[in-house]
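Colleague: Sequence:
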Amino acid sequence: MKLTILGGSAAGGNTGAGCSGYLLQSGGSNVVLDLGPGVLPELRKHADFRTLDGIVISHLHLDHTLALGALRFALAYNPNPPTRRMPLWMPPGGRAFLDAFSTAFRDEPGDSDFFTSVFDIAEYDPSGSISVGDVSITFRKTVHYVPCWAMRVRSQGSPDFLYTADTGPASKLVDFGEGCQVVVAESGTLDGGGETFEERGHLTPQEAGALAESIGAKTLVLTHLWEEYGFDVYRERAASAFEGELIIAAPGLSVAF
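Its first residue numbered 0, the sequence shown is counted upward by one per residue in numbering that gives the first Met the number 0.
What the hints contain is simulated information worked out from the structure, not anything from laboratory work.
Accuracy of the hints is not assured; some may be wrong.
[Unchecked claim] Pairwise CB distance ranges, derived in the manner of DEER restraints: (1) Val173 <-> Pro91: 20 to 30 Å; (2) Phe230 <-> Arg49: 27 to 37 Å; (3) Ser213 <-> Thr102: 39 to 49 Å; (4) Asp174 <-> Asn77: 22 to 32 Å; (5) Arg105 <-> Ala169: 38 to 48 Å; (6) Ala10 <-> Arg105: 44 to 54 Å; (7) Pro81 <-> Asp190: 40 to 50 Å.
Note that the Cβ used here is the ideal one computed from N, Cα and C, for glycine as well.
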């Protein structure tokens with residue numbers, strides 16, 4: 000399996016980097032986890048966006064979904080159109096979210112196929128699993144400000160991979176991710192921002208490092224970062240809790256496993 004970072008910024012984007020978006024390639028399959036603002040140009044460098052096997056969205060915050068609008072226009076109007084509707088897996092409530100999203104851009108008020116004309120949309124059941132191309136994905140609810148699900152990705156012949164999505168430290172992800180060799184963990188806060196442990200919806204870099212260490216991961220990719228905090232600070236703090244390979248997410252960075 001190969002993971003390519005399409006964007007690793009926290010809300011709004013950093014200089015030269017989009018928000019959350021991660022391309023997984025396994026065998027002949029191309030699967031994207033989350034599609035935040037600014038990631039579509041990076042995706043085009045690594046895969047044909049018209050032939051993705053599917054997109055899976057962790058939660059309905061703008062920094063994980065906004066490029067769905069850009070991709071919709073790219074699929075609808077590209078001179079080389081796709082040959083089929085693209086599978087799009089949304090979390091519970093995703094259909095209503097897309098319907099509301101589309102009202103700002105529909106050509107006609109009653110045009111209900113704005114997204115369905117190019118996407119084959121389904122809402123996943125977080126208690127089950129889905130198959131997208133050569134990979135299967137299971138889910139675990141995180142502690143965040145809206146319902147959000149971490150993902151464990153399996154592909155035959157490769158180690159498992161954990162994507163935390165957006166999560167606070169009270170989420171129960173150690174048992175869910177146990178044995179995963181690669182972890183992509185958010186680190187949206189340096190000090191917790193004054194919230195309690197139980198209510199906080201983001202990890203510190205130390206907590207991300209401790210999660211990866213507890214899981215037994217070999218590689219930790221820190222993502223959902225603010226450049227204002229300083230990437231060296233993130234690295235130093237995560238390294239205090241994690242002894243494996245530590246990577247700061249950047250567009251185009253790839254990890255094979």
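Colleague: Look at each hint and say if it fits the structure.
Modeller: Quick rundown of the hints versus the structure:
{"no.": "1", "hint": "Val173 <-> Pro91: 20 to 30 Å", "result": "holds, 24 Å"}
{"no.": "2", "hint": "Phe230 <-> Arg49: 27 to 37 Å", "result": "holds, 33 Å"}
{"no.": "3", "hint": "Ser213 <-> Thr102: 39 to 49 Å", "result": "holds, 44 Å"}
{"no.": "4", "hint": "Asp174 <-> Asn77: 22 to 32 Å", "result": "violated, 43 Å"}
{"no.": "5", "hint": "Arg105 <-> Ala169: 38 to 48 Å", "result": "holds, 40 Å"}
{"no.": "6", "hint": "Ala10 <-> Arg105: 44 to 54 Å", "result": "violated, 26 Å"}
{"no.": "7", "hint": "Pro81 <-> Asp190: 40 to 50 Å", "result": "holds, 45 Å"}
When held up to the earlier numbered hints, the structure conflicts with 4 and 6 and fits the remainder.
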